[in-house]
Amino acid sequence: MESDILITHFLRLFPTFHDRYIEHLDFNQEFLGHVFFGDEVSTYVEGLLRENDDTEQIEKFFNFFEWMATQTSLYIVQVLSTTILYNLGGHTDILKKAQIYMKPHTKKLSQEIEDLHSGKYFS
0 MESDILITHF LRLFPTFHDR YIEHLDFNQE FLGHVFFGDE VSTYVEGLLR ENDDTEQIEK
60 FFNFFEWMAT QTSLYIVQVL STTILYNLGG HTDILKKAQI YMKPHTKKLS QEIEDLHSGK
120 YFS
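For the sequence shown, numbering that gives the first Met the number 0 assigns the number 0 to the initial residue and increments by one for each residue that follows.
Bear in mind the hints are in silico, worked out from the structure with no lab data behind them.
Incorrect hints may have been included.
[Said to hold, decoys possible] Simulated pairs of lysine-lysine, DSSO-like, Cα-Cα distance not exceeding 27 angstroms:
{"hint": "1", "residue 1": "Lys59", "residue 2": "Lys95"}
{"hint": "2", "residue 1": "Lys59", "residue 2": "Lys106"}
{"hint": "3", "residue 1": "Lys96", "residue 2": "Lys107"}
{"hint": "4", "residue 1": "Lys96", "residue 2": "Lys59"}
{"hint": "5", "residue 1": "Lys107", "residue 2": "Lys95"}
{"hint": "6", "residue 1": "Lys59", "residue 2": "Lys102"}
{"hint": "7", "residue 1": "Lys107", "residue 2": "Lys59"}
{"hint": "8", "residue 1": "Lys106", "residue 2": "Lys95"}
{"hint": "9", "residue 1": "Lys106", "residue 2": "Lys96"}
[Said to hold, decoys possible] Label-pair ranges, simulated between beta-carbon atoms:
{"hint": "10", "residue 1": "Gly89", "residue 2": "Arg19", "range": "18 to 24 angstroms"}
{"hint": "11", "residue 1": "Glu22", "residue 2": "Glu1", "range": "19 to 25 angstroms"}
{"hint": "12", "residue 1": "Thr81", "residue 2": "Leu12", "range": "17 to 23 angstroms"}
{"hint": "13", "residue 1": "Gly89", "residue 2": "Asp53", "range": "20 to 26 angstroms"}
{"hint": "14", "residue 1": "Gln28", "residue 2": "Glu111", "range": "31 to 37 angstroms"}
{"hint": "15", "residue 1": "Glu1", "residue 2": "Asp92", "range": "31 to 37 angstroms"}
{"hint": "16", "residue 1": "Asp53", "residue 2": "Glu29", "range": "28 to 34 angstroms"}
{"hint": "17", "residue 1": "Glu50", "residue 2": "Asp18", "range": "18 to 24 angstroms"}
{"hint": "18", "residue 1": "Thr81", "residue 2": "Pro103", "range": "15 to 21 angstroms"}
{"hint": "19", "residue 1": "Asp38", "residue 2": "Thr7", "range": "14 to 20 angstroms"}
{"hint": "20", "residue 1": "Asp52", "residue 2": "Asp25", "range": "31 to 37 angstroms"}
{"hint": "21", "residue 1": "His33", "residue 2": "Ile99", "range": "24 to 30 angstroms"}
Glycine included, every Cβ here is placed at the ideal spot set by N, Cα and C.
Generate coordinates for the entire structure from the input sequences, incorporating the hints supplied.
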């Protein structure tokens with residue numbers, strides 16, 4: 000299952016989120032990728048970008064995001080684009096900092112989300 004691949008890979012790279020994952024499962028009775036990555040991951044990354052002092056950790060997250068962006072699974076790409084990148088794009092200052100760390104595929108998805116929400120496709 001695509002959500003299993005996503006969370007397994009994430010927890011392998013970021014084991015400090017394991018307890019949050021267990022709490023998420025207890026509360027929701029199942030893994031909800033958009034909820035977990037929206038509530039836990041994008042919020043955490045936003046905090047890292049605000050402080051902007053742990054560049055190694057920020058780069059590690061954006062490498063993971065690039066992995067997500069290059070997957071053939073629509074579910075994994077949607078979690079990245081409509082949850083993580085959408086949340087980061089809600090704050091112009093955070094988005095500008097995030098763009099520094101974005102790799103090509105992540106940057107492309109981020110721009111598509113920003114274009115969509117700016118109304119560019121509806122003009």
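Problem - Distance restraint evaluation - Thr81, Pro103, Cβ atoms, bounds 15 to 21 angstroms - result: At 19 angstroms between Cβs, range holds.
Handout entry: Range hint compliance [Cβ, Glu1 to Asp92, 31 to 37 angstroms]
Key = 33 angstroms, holds
Handout entry: Assessment of proposed distance window 18 to 24 angstroms (beta carbons of Glu50, Asp18)
Key = Once the Cβ atoms are compared, 22 angstroms apart, the range 18 to 24 angstroms for Asp18 and Glu50 holds.
Problem - Pair hint outcome, Lys59 versus Lys95 [Cα-Cα no greater than 27 angstroms] - result: Answer holds: Lys59 to Lys95 is near 18 angstroms, not above 27 angstroms.
Handout entry: Distance restraint evaluation - Gly89, Asp53, Cβ atoms, bounds 20 to 26 angstroms
Key = Holds: the Cβ-Cβ distance is about 22 angstroms, inside 20 to 26 angstroms.
Handout entry: Whether the CB-CB distance between Asp38 and Thr7 falls inside 14 to 20 angstroms
Key = 19 angstroms, holds
Handout entry: C-beta pair Asp53, Glu29: status relative to the range 28 to 34 angstroms that was hinted
Key = Taking Cβ atoms as reference, Asp53 and Glu29 lie about 31 angstroms apart, which means the hint holds.
Practice task
Given the hint that Lys59 pairs with Lys102, test it: the Cα-Cα distance must not exceed 27 angstroms.
Solution key: Roughly 11 angstroms separates the two Cα atoms, so the pair holds.
Exercise for the section: Starting from the hint 31 to 37 angstroms, judge whether the C-beta atoms of Asp52 and Asp25 obey it. Expected result: Holds, since Asp52 and Asp25 (Cβ atoms, about 32 angstroms apart) stay within the stated range.
Handout entry: Range agreement (Cβ of Arg19 with Cβ of Gly89, hint 18 to 24 angstroms)
Key = 21 angstroms, holds
Handout entry: Agreement of Lys96 and Lys59 with the hint, judged by alpha carbon distance not exceeding 27 angstroms
Key = 15 angstroms, holds
Handout entry: 27 angstroms limit on alpha-carbon distance, applied to hinted pair Lys59 and Lys106
Key = Between Lys59 and Lys106 the Cα gap is close to 15 angstroms, so the pair holds against 27 angstroms.
Figure legend: structure checked against the earlier numbered hints; every hint is met.
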